[in-house]
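Chemist: The residues making up each chain are set out below.
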Amino acid sequence: MPDFSGTDLTCLRGDRLVFRGLDFQVASGGALLLTGPNGSGKSSLLRLMAGLLRPFSGQLAWNGEAIADEPDRHRARVHYVGHQDAVKPVLSALENLAFWAGLGGAPNPAAAAHGALASMGAAHVEAVPGRYLSAGQKRRLNLARLIAVRRPLWLLDEPTVALDRDGIHRLEAEMARHRSDGGIVVASTHAEIDLPCAVVLALDRFPAEGWDTDDAEDGDAW
Amino acid sequence: MKGFVRLVGRDLRLSLRQGADAFVAVMFFVLCVVLFPFGVGPEPNVLARIAAGVIWVAALLASLLSLERLFQADYEDGSLELLALGGPPLEAVVLAKTLAHWLVTGLPLIAASPLLAVLMNMPADGMPVLVLTLLAGTPTLSLVGAIGAALTLGARRGGVLLSLLILPLYIPVLIFGAGAIDAAAAGFAARPQLLLLTGLLAAALPLAPLAGAAALRQALE
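One line per chain: the protein sequences are A and B, in this order.
The first sequence lines up with residues 1 to 222 when you count with this note's numbering.
The second sequence lines up with residues 1 to 221 when you count with this note's numbering.
Bear in mind the hints are in silico, worked out from the structure with no lab data behind them.
In this text the structure is predicted, and so the values were computed from the model without any measurement.
Everything hinted at is true.
Ranges between beta-carbon positions, derived for each pair:
#1 B:V40 with A:A127: 51 to 61 angstroms
#2 A:H124 with B:V5: 28 to 38 angstroms
#3 A:R54 with B:M1: 20 to 30 angstroms
#4 B:G187 with A:A76: 53 to 63 angstroms
#5 A:D166 with B:L207: 42 to 52 angstroms
Cβ-to-Cβ under 10 angstroms is the rule here; a few derived chain A residues that face chain B:
#6 L53
#7 R75
#8 A76
#9 V78
#10 G82
#11 R145
If you only want the chain A side, here are some residues facing chain B, beta carbon under 7 angstroms, derived:
#12 L52
#13 V90
#14 G102
#15 L103
#16 G104
For glycine and all other residues, C-beta sits at the position ideal for the given N, C-alpha and C.
Could you put the whole structure together from the sequences, leaning on the hints where they help?
Modeler: As structure tokens, this is what we get:
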């Protein structure tokens with residue numbers, strides 16, 4: 001049973017301290033909802049969790065094993081949805097998705113992409129080139145990546161942006177299915193989203209005030 | 001390995017659908033060389049003397065032209081983050097994208113080069129060597145350029161910065177490339193210079209993906 005945790009995480013962007021002393025733990029089937037005002041570090045935390053950013057201090061662990069020791073194995077279990085949808089304008093929706101599915105190791109990328117688009121309610125735009133897709137359709141296409149190739153850890157940065165009611169319902173259903181299969185969801189959002197029994201992590205509880213970043217240079221204390 | 005092939009395939013498909021990249025590089029190469037007879041006069045001996053250098057400098061500039069975009073599009077639309085997370089290691093991503101870039105811009109240059117050699121009145125002995133030096137040299141240009149493209153990712157006016165960073169590194173390739181052709185045209189063996197060019201490629205092939213991947217990780221932070 002996978003278990004994802006972080007202890008005493010500190011995130012430094014440039015010379016600005018985003019948060020410090022942050023702990024979290026999510027077990028298999030669990031969900032973590034990140035809340036907090038703009039700039040409180042929700043995106044930074046998700047990027048930390050994905051391994052795109054390195055924590056200034058603290059440790060992330062999967063099943064108790066430090067992620068920093070095995071970055072390549074961690075990469076292979078993460079699905080990350082960021083602010084951008086990574087849709088190529090000259091490729092059709094199906095080609096876009098099939099590329100990511102193939103890269104993720106799907107045995108039959110086209111079939112996986114076809115099924116995933118259908119579950120996100122975007123089957124009718126399969127042949128439409130990326131440049132003609134609306135923002136919501138691009139977001140559905142991006143979210144369909146999560147379904148096309150199964151990975152245990154979903155890191156979703158504002159996944160509901162640009163989605164309509166139907167899109168949000170489909171996303172909620174997929175997240176519930178993912179969790180019932182033993183997966184983990186970490187999501188940041190400002191919108192109302194239905195994540196039953198999710199642990200809420202309010203990032204404004206880890207203030208950076210009162211801690212001078214100049215200490216960072218000489219401090220072994222962290 | 002499968003991911004590598006998929007990535008090369010995707011980049012080729014993107015370039016071919018967008019179309020302009022390959023065409024622009026070749027047209028730039030041809031026009032650049034064609035300008036020289038207008039500038040230095042149509043004296044055949046003068047043209048023959050400078051042919052090797054001119055063609056090589058033009059090839060070098062043409063390959064630089066599209067390098068700025070190598071990672072830019074993927075960086076801007078978020079694909080690079082996903083490439084860094086899923087599938088092949090980032091080093092393989094750099095190598096795959098560089099290979100696709102070379103296939104789209106380097107190969108057409110090589111195909112166009114004999115025509116330009118005739119135009120520049122290059123001695124017949126030099127022509128096969130010209131093609132050989134370009135075959136060995138342009139992949140090195142793409143590989144070294146990929147490091148620069150990764151380093152300047154996200155920088156304002158990255159293209160100018162890229163030229164300043166990369167052009168000095170192109171000098172050895174230029175010296176041995178043009179040197180081999182001059183040697184062959186003068187009736188000497190071109191083998192030493194060709195071996196040195198291949199040696200440069202052999203060094204760039206493992207080193208450039210490592211350096212490029214490190215630079216990309218930095219850019220993604």
